[in-house]
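J.: On the provided structure of chain A, position chain B as indicated by the hints.
Line by line, the protein sequences give chains A and B.
Under the working numbering, the first residue of the first sequence carries the number 1, and numbering increases by one thereafter.
Under the working numbering, the first residue of the second sequence carries the number 1, and numbering increases by one thereafter.
Just so you know, the hints here were simulated from the structure itself, not pulled from any lab data.
Computed from a prediction, not measured in an experiment: that's the story for all the values here.
Glycine included, C-beta positions come from ideal geometry on N, C-alpha and C.
Among the hints, a few may not be true.
Stretch by stretch, here's where chain B covers chain A in the computed footprint (C-beta under 8 Å, at least three residues) [unchecked claim]: (1) 134 to 140; (2) 188 to 198; (3) 222 to 234; (4) 242 to 252; (5) 296 to 310; (6) 325 to 335.
Between beta-carbon pairs, the in silico distance windows are [claimed, not checked]: (7) 53/B with 41/A: 53 to 61 Å; (8) 270/A with 80/B: 28 to 36 Å; (9) 90/A with 34/B: 54 to 62 Å; (10) 260/B with 258/A: 48 to 56 Å; (11) 88/A with 33/B: 44 to 52 Å; (12) 276/B with 85/A: 31 to 39 Å; (13) 318/A with 33/B: 31 to 39 Å; (14) 45/A with 6/B: 57 to 65 Å; (15) 53/B with 270/A: 54 to 62 Å; (16) 258/A with 33/B: 49 to 57 Å; (17) 290/B with 243/A: 44 to 52 Å; (18) 347/B with 270/A: 47 to 55 Å; (19) 91/A with 181/B: 23 to 31 Å.
Take a look at the letters that make up each chain.
Number of protein chains: 2
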Amino acid sequence: MNTSHFPRLDLNADVVTLTAALVDIPSESKDEGQIADAVEDALESVGHLSVDRENNTVVARTHLDRTERVLIGGHLDTVPSAGNLPHRLADGYLHGLGSCDMKGGVAVSLRLAQRLANPKRDVTYVYYECEEIESKFNGLKMLADRRPELLLADFAILMEPSNAGVEAGCQGTLRAKVHTVGTRAHSARAWLGENAVHQAAEILTRLGAYEPARVTIDGLEYREGLNAVGIAGGVAGNVIPDECVVTVNYRFAPNMSTTAAEDHVRQVFDGYRVEVVDLAPGALPGMALPAAQAFIAAVGGEPQPKFGWTDVARFAELGIPAVNYGPGDPSLAHAADERVPIAELVACEDRMVHWLTRDR
Amino acid sequence: MNTSHFPRLDLNADVVTLTAALVDIPSESKDEGQIADAVEDALESVGHLSVDRENNTVVARTHLDRTERVLIGGHLDTVPSAGNLPHRLADGYLHGLGSCDMKGGVAVSLRLAQRLANPKRDVTYVYYECEEIESKFNGLKMLADRRPELLLADFAILMEPSNAGVEAGCQGTLRAKVHTVGTRAHSARAWLGENAVHQAAEILTRLGAYEPARVTIDGLEYREGLNAVGIAGGVAGNVIPDECVVTVNYRFAPNMSTTAAEDHVRQVFDGYRVEVVDLAPGALPGMALPAAQAFIAAVGGEPQPKFGWTDVARFAELGIPAVNYGPGDPSLAHAADERVPIAELVACEDRMVHWLTRDR
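With the rest of the complex left out, here is chain A (with noise of 0.2 Å):
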């Protein structure tokens, strides 16, 4: 008898009948215990594997006793829905809310991990939450702190969208509230007060003419990019509000620390009271590892710059190599048109368990 809540996975399904049913389990940042539910109970009918689970956060292992050891991961989170829930197939996409961000490079890893009895490599499949927020939050941060023996590897791919090609490196992330200061007073009496949301129209203006700055690193030319990503402000509707806050978020190379990218954005909105709240290094493309070099020989094309934060950096910090690898166009993540290219979830998957598989 079957008594649980949660949707089943069914892994022997192909990768886009996969892929389709990760989508219409709704899983918002902070909202993802079915998801994992369905993860965790599929992979433990796997036979070669063994599972654990931290809050919800899934890991699954094989234990072949290779000499190499090749972590492949996944965020289970969305962003918040545009409206485009429950997936549709059209024009060669399956098209839906996390469909390119990253559930298709989670439903490749899910095929992978079902599949794969006998890989030339051990593998660690990791399916984590919390990716779209705050760093604080995100499960692999979580695992790295509580149980960093799970997370041992000597080259990790993150399967984040790269259009099935080898994106390098990341940039780096910083996000921070910049606030405004008024006094309140009755809006049937302005002049008593002071407007601290007319005050944010500088904020506003000095974003809208921000010149962000073009890095190349290793032949790779990353872009950066400073935007508001929130504004909030208002007590009531006959108050003048005083206060306002314009929530920013920096994307810098990866050749730039944290403390540079922290004073760069005191600088542009010198005047105003900043308070970073969310920050987290880039890391280099490191494109001449041996690790490295072997994947891209094996899965093939041109390494990319990546433009987004990814994970990639937080291997970077744990000193294991890592590059990120998945079907979908990055472009699209977060996009109220968000999808992902049928034939790129088949070939991530074929290339992935080549490599995974073939001789070295």
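T.: For chain B alone, coordinates are given in the frame of chain A:
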């Protein structure tokens, strides 16, 4: 046995003590249940009054068959707290949320209701909810719709703060949402999206540059105003926002129609989608009306213009002449340092008793 859970009000206490007790019952708009219970309970123990209640609005009336009936009104709700609770007494003032707008006036009215068993005019005391938010929730509007017989009167006095002098007419108020629309994208690839929050810079710049009109009517100068009272935008910390909403409040002189007010706001924000969410006409000062002149003669002083919107406009629509008269400086309404002069509480009570008990 007292089994009820609301605070008790002692209407025999002096007006300062009574104001303090009212301030210490939190009553933000839509949360007036406790204060309405307390007011209803206190009035029911006054033998010479009949008491009615609709939702959180309480009406108490004398029935002396006088030739004239006057209505004395005050709202029970406040704007949200600015950390200014509970009340405190200092320097001749009673400080605290709602002390000025308008629990001081409510306390004066409750004292009159308790003291005057035999006034020269029949009196209808109204204590109502939801004055500080959109007019559709307004308790006086609700009475006009559901129980209009309770509002029958020859003249009305709203005890809104007016420095214990008569303030005439009131300005109209319009609230609108001004929208910007962009395109979502991952904030690491901002160039693929269009930032709706950045676009709001122009709206805020127009607001900052706006020059409000001054309009003289019956010798009284009204000062208009157009201000942001709120702003909101943002999807997630790593998404370029596709929408931003600036809520603006336009206060317009009493000789401007609601249609003209709406046209004006649409013109100021030309190029943006403008959604009017709240619109209430002003009231002309009506200084020539005999009832107004008689009241002014009784309480003394020079009438002043009322800048804020008050329910005087609602009485104007019902055909009942009305003025504002109450303790407290309206400039301090909704301010964090809101307070009411103790001397004005006492003076208002004295003058109203005088007016209601003297021979004509």
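J.: If a hint holds in the structure, say so; if it doesn't, say that too.
T.: Status of the hints after comparison with the structure:
no.: 1; hint: 134 to 140; in the structure: violated (count 1)
no.: 2; hint: 188 to 198; in the structure: holds (count 9)
no.: 3; hint: 222 to 234; in the structure: holds (count 10)
no.: 4; hint: 242 to 252; in the structure: holds (count 6)
no.: 5; hint: 296 to 310; in the structure: holds (count 3)
no.: 6; hint: 325 to 335; in the structure: holds (count 5)
no.: 7; hint: 53/B with 41/A: 53 to 61 Å; in the structure: 56 Å, holds
no.: 8; hint: 270/A with 80/B: 28 to 36 Å; in the structure: 32 Å, holds
no.: 9; hint: 90/A with 34/B: 54 to 62 Å; in the structure: 56 Å, holds
no.: 10; hint: 260/B with 258/A: 48 to 56 Å; in the structure: 55 Å, holds
no.: 11; hint: 88/A with 33/B: 44 to 52 Å; in the structure: 48 Å, holds
no.: 12; hint: 276/B with 85/A: 31 to 39 Å; in the structure: 33 Å, holds
no.: 13; hint: 318/A with 33/B: 31 to 39 Å; in the structure: 56 Å, violated
no.: 14; hint: 45/A with 6/B: 57 to 65 Å; in the structure: 59 Å, holds
no.: 15; hint: 53/B with 270/A: 54 to 62 Å; in the structure: 57 Å, holds
no.: 16; hint: 258/A with 33/B: 49 to 57 Å; in the structure: 50 Å, holds
no.: 17; hint: 290/B with 243/A: 44 to 52 Å; in the structure: 48 Å, holds
no.: 18; hint: 347/B with 270/A: 47 to 55 Å; in the structure: 51 Å, holds
no.: 19; hint: 91/A with 181/B: 23 to 31 Å; in the structure: 26 Å, holds
Figure legend: structure checked against the earlier numbered hints; hints not met, in rising order: 1 and 13.
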